[in-house]
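Based on these hints, arrange chain B on the given structure of chain A.
There are 2 protein chains.
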Amino acid sequence: MDRIVEELIGIVGEANVLTTADDMAPYLTDWRGRYRGHARAVVRPAATAEVSAVLAACHAAAVPVVPQGGNTGLCGGATPSEAGVAVVLSLTRMNRIRSLDPDNNTVGVEAGCTLAALQEAAAAAERLFPLSLASEGSCTIGGNLSTNAGGVQVLRYGNTRELTLGLEVVLPDGRIWDGMRGLRKDNTGYDLKHLFIGAEGTLGVITAAVLKLFPAPRGFATAWAAVSDPAAAVRLLGRLRHHCGDRISAFELVGRPALDLVLKHIPGARDPFSAPTQWAVLIELSDSLEGEGLAETLAGALGAEMEAGLVLDAVVASSLGQAQALWALRENISEAQRIEGVSIKHDVSVPVSRIAEFLERADVSLKSQWPGVRIVAFGHIGDGNLHYNLSRSETDDNASFIARTEDVNRIVHDLVDALGGSISAEHGLGQLKRAEIRRYKSTVEMDMMEAIKNAFDPSRLMNPGKVL
Amino acid sequence: MDRIVEELIGIVGEANVLTTADDMAPYLTDWRGRYRGHARAVVRPAATAEVSAVLAACHAAAVPVVPQGGNTGLCGGATPSEAGVAVVLSLTRMNRIRSLDPDNNTVGVEAGCTLAALQEAAAAAERLFPLSLASEGSCTIGGNLSTNAGGVQVLRYGNTRELTLGLEVVLPDGRIWDGMRGLRKDNTGYDLKHLFIGAEGTLGVITAAVLKLFPAPRGFATAWAAVSDPAAAVRLLGRLRHHCGDRISAFELVGRPALDLVLKHIPGARDPFSAPTQWAVLIELSDSLEGEGLAETLAGALGAEMEAGLVLDAVVASSLGQAQALWALRENISEAQRIEGVSIKHDVSVPVSRIAEFLERADVSLKSQWPGVRIVAFGHIGDGNLHYNLSRSETDDNASFIARTEDVNRIVHDLVDALGGSISAEHGLGQLKRAEIRRYKSTVEMDMMEAIKNAFDPSRLMNPGKVL
Numbered sequence: 000m001d002r003i004v005e006e007l008i009g010i011v012g013e014a015n016v017l018t019t020a021d022d023m024a025p026y027l028t029d030w031r032g033r034y035r036g037h038a039r040a041v042v043r044p045a046a047t048a049e050v051s052a053v054l055a056a057c058h059a060a061a062v063p064v065v066p067q068g069g070n071t072g073l074c075g076g077a078t079p080s081e082a083g084v085a086v087v088l089s090l091t092r093m094n095r096i097r098s099l100d101p102d103n104n105t106v107g108v109e110a111g112c113t114l115a116a117l118q119e120a121a122a123a124a125e126r127l128f129p130l131s132l133a134s135e136g137s138c139t140i141g142g143n144l145s146t147n148a149g150g151v152q153v154l155r156y157g158n159t160r161e162l163t164l165g166l167e168v169v170l171p172d173g174r175i176w177d178g179m180r181g182l183r184k185d186n187t188g189y190d191l192k193h194l195f196i197g198a199e200g201t202l203g204v205i206t207a208a209v210l211k212l213f214p215a216p217r218g219f220a221t222a223w224a225a226v227s228d229p230a231a232a233v234r235l236l237g238r239l240r241h242h243c244g245d246r247i248s249a250f251e252l253v254g255r256p257a258l259d260l261v262l263k264h265i266p267g268a269r270d271p272f273s274a275p276t277q278w279a280v281l282i283e284l285s286d287s288l289e290g291e292g293l294a295e296t297l298a299g300a301l302g303a304e305m306e307a308g309l310v311l312d313a314v315v316a317s318s319l320g321q322a323q324a325l326w327a328l329r330e331n332i333s334e335a336q337r338i339e340g341v342s343i344k345h346d347v348s349v350p351v352s353r354i355a356e357f358l359e360r361a362d363v364s365l366k367s368q369w370p371g372v373r374i375v376a377f378g379h380i381g382d383g384n385l386h387y388n389l390s391r392s393e394t395d396d397n398a399s400f401i402a403r404t405e406d407v408n409r410i411v412h413d414l415v416d417a418l419g420g421s422i423s424a425e426h427g428l429g430q431l432k433r434a435e436i437r438r439y440k441s442t443v444e445m446d447m448m449e450a451i452k453n454a455f456d457p458s459r460l461m462n463p464g465k466v467l
Numbered sequence: 000m001d002r003i004v005e006e007l008i009g010i011v012g013e014a015n016v017l018t019t020a021d022d023m024a025p026y027l028t029d030w031r032g033r034y035r036g037h038a039r040a041v042v043r044p045a046a047t048a049e050v051s052a053v054l055a056a057c058h059a060a061a062v063p064v065v066p067q068g069g070n071t072g073l074c075g076g077a078t079p080s081e082a083g084v085a086v087v088l089s090l091t092r093m094n095r096i097r098s099l100d101p102d103n104n105t106v107g108v109e110a111g112c113t114l115a116a117l118q119e120a121a122a123a124a125e126r127l128f129p130l131s132l133a134s135e136g137s138c139t140i141g142g143n144l145s146t147n148a149g150g151v152q153v154l155r156y157g158n159t160r161e162l163t164l165g166l167e168v169v170l171p172d173g174r175i176w177d178g179m180r181g182l183r184k185d186n187t188g189y190d191l192k193h194l195f196i197g198a199e200g201t202l203g204v205i206t207a208a209v210l211k212l213f214p215a216p217r218g219f220a221t222a223w224a225a226v227s228d229p230a231a232a233v234r235l236l237g238r239l240r241h242h243c244g245d246r247i248s249a250f251e252l253v254g255r256p257a258l259d260l261v262l263k264h265i266p267g268a269r270d271p272f273s274a275p276t277q278w279a280v281l282i283e284l285s286d287s288l289e290g291e292g293l294a295e296t297l298a299g300a301l302g303a304e305m306e307a308g309l310v311l312d313a314v315v316a317s318s319l320g321q322a323q324a325l326w327a328l329r330e331n332i333s334e335a336q337r338i339e340g341v342s343i344k345h346d347v348s349v350p351v352s353r354i355a356e357f358l359e360r361a362d363v364s365l366k367s368q369w370p371g372v373r374i375v376a377f378g379h380i381g382d383g384n385l386h387y388n389l390s391r392s393e394t395d396d397n398a399s400f401i402a403r404t405e406d407v408n409r410i411v412h413d414l415v416d417a418l419g420g421s422i423s424a425e426h427g428l429g430q431l432k433r434a435e436i437r438r439y440k441s442t443v444e445m446d447m448m449e450a451i452k453n454a455f456d457p458s459r460l461m462n463p464g465k466v467l
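Protein sequence lines, in the order shown, are assigned to chains A and B.
For the first sequence, position 452 matches number 451 in numbering that gives the first Met the number 0, and the numbering has no gaps at all.
For the second sequence, position 106 matches number 105 in numbering that gives the first Met the number 0, and the numbering has no gaps at all.
With the rest of the complex left out, here is chain A (with noise of 0.2 Å):
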């Protein structure tokens, strides 16, 4: 037997490393398919001592440890490579919450953890988690922690690496640091947790964080908004910031392609308006405080917006119901364009004054070579984080279409770096661009974190070929 594998199974025991091709091959491809890898072994401990071990362990055989959580990433990050050498480290056995200090607000949890179960504990204990994405219910917070995790909220309460306090971490050669501090302010030294949070585990291992958590809404009031063009929906979300300010806790553009896929392919979605709109906005308001009246004050400054010709039209629930539907034409998009076919996807943000700028850009660049190819731009454009994706046009084949991939990436890319942005917004860099990021950074960048690789794992074992 593979001898790392006996030291393995001494570390953690026979029934959690995995060996066999029909055990291991859940973890050696991603959930969509596009990546498939080899390894020697899974390996899934329940303590961080029990990884500190592993770690050791594979150090001390020169053996390469791809890390993986709830395995729902999108760039292939937690894949191992074909080459069969790697372990995989799988931390869902650690899904503990450790504690839940609700006077401190804060908790302590282990990486394994779904994002769904923290959630719900933090709803019980009346506290917020605001951290949301489409694969809350089996996407790990190490995962979210290791590609710093986006999603709807961010406008308010920022990304993964916002909501983070302190860390624990294996380092590549076993040794563990406690950062678990639950720390609003510490000013001692360097901040070693930003360093592990979005590196994709190719720095070490993230086995638990202390996270903060925030009061409970108890008001929510959602409204769909038509308005000309994304122009005026980045003023209205000026004007909104201006007299709502930190209770806008979500803005989304839809493009026009983008609800008509919807309409399609997705039973029971219905227009909100009866005459078809070239562009509109999600918004949602929450606020902690009781009796606030928030669908009239939304009711209220989008009135007011209609009278000053910024808002075509708009829509304010009166119902859960209502507000789950409207909710419902956003979050079925990617779906609805999974039905519709193949489709070449970006992941890209520029600063929310270039959102406009960016999108006629592109269509117009995009369009021009490729007539009839079909644009569906949507996003969480109050933190300037467009999908924008292409759909083929009728006419075209599957084939010739992704063929186009790598010159659609140029075009979309090299707009988003001309316009201060970046090409990956919330996914991380993992397989799918480790290479497009070289277009982009500068040496000097790439230089300062290949310092930072080899400080940290000058072996070079972590997660390679991720990032770096």
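Pairs involving identical chains hold if they fit within one copy or between any two copies, as the list cannot separate such chains.
25 Å max Cα-Cα, derived DMTMM-like pairs, lysine to aspartate or glutamate:
| id | residue 1 | residue 2 |
| --- | --- | --- |
| 1 | Lys344 | Glu435 |
| 2 | Lys440 | Asp100 |
| 3 | Lys366 | Glu334 |
| 4 | Lys452 | Asp177 |
| 5 | Lys344 | Asp396 |
| 6 | Lys440 | Asp172 |
Read the hints as simulated data drawn from the structure, not as lab findings.
The following block gives chain B in isolation, referenced to the frame of chain A:
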């Protein structure tokens, strides 16, 4: 002439290289006069390219560099050593606001801009830059970033770190890292900016930053409330967060001895209550929504807590003048304590849930050893941050009181550490706590900090003798 001085003159011109004792004096001592150093020269570049050339020249000549902003730090982090071999690099001529983007809610600003000038620029664009400190008229953004400054609005808006989206940094060898991105979402590799924030100039020189702006609040409510003890203050904070959510922009604890010093030494200071109370909190709500009736909200919440017995007495300011008078009671504590005489000060944090325990246990320990010592405790308890200061007993003399500093620190810092706290919440380490921190950080954490230092500044020329 000193060869490096000649080179510096070649870069920034003779007028901006100070070498005489008189010219250099203001840069060679901290504003409290606790640290004094010597230097070969003070160099005052006006642009990033000049900073780059200065660092490249110093690097080539192996000359240490001490970056300095407004020189208002409290830990000696900007004062050179007595060896007289270093060049002090003053950033105050780099004070431009490069760009302000209202739609993106960001401002690009150079390191030498004062905090007050930045606040004013934001206000002129109907935005808020929320960082607020006693030294805001003279401290600079570069210093705020390098020490991750805190202040009174952290509870709502976060430390300087949380307010930062992008940085421009000159590395120790003179290379320029352009990380001036104004993005809320950017997951393209390691987050380099967080390494330099709070690093006190030991890894490179921050020359500019992109910072977040917020909607300008248009309504305020301020109150002073008496509570029986710190545990009641923490409970009150929890209940107010539940009711008022994000509107709470300040929640400051003031102990009786602190208030007594203000009433004794500050002209015009007046106790809000006729009967003395042991503990009080200063509460501020703010909101960007118009016509919110914030004062009524706050009065209603405090009234309910008085009926419930949690609040003993309360006054809500009914005018701007009254609000300022309440704030003056809090803001003049340091000044009143200075007039009273010498003190032993601590800037510590613990989880909010441990504040009461910290205050109780520290009081018992200190008073049992030194009967009559006066404990002047106050601070930002929403962030778990206490300024825990001691004034001597009436019968004690200054010299024997100050001689106990080490013994007092041991009691206070050991207890902070035992409660999961930080011995430097918002002031940094500088020279003052460089040795002290080694008592409390693990070997692993110190090793990680050393690894980063070696990766970025292997020649150890950047601000030697600080932090590490």
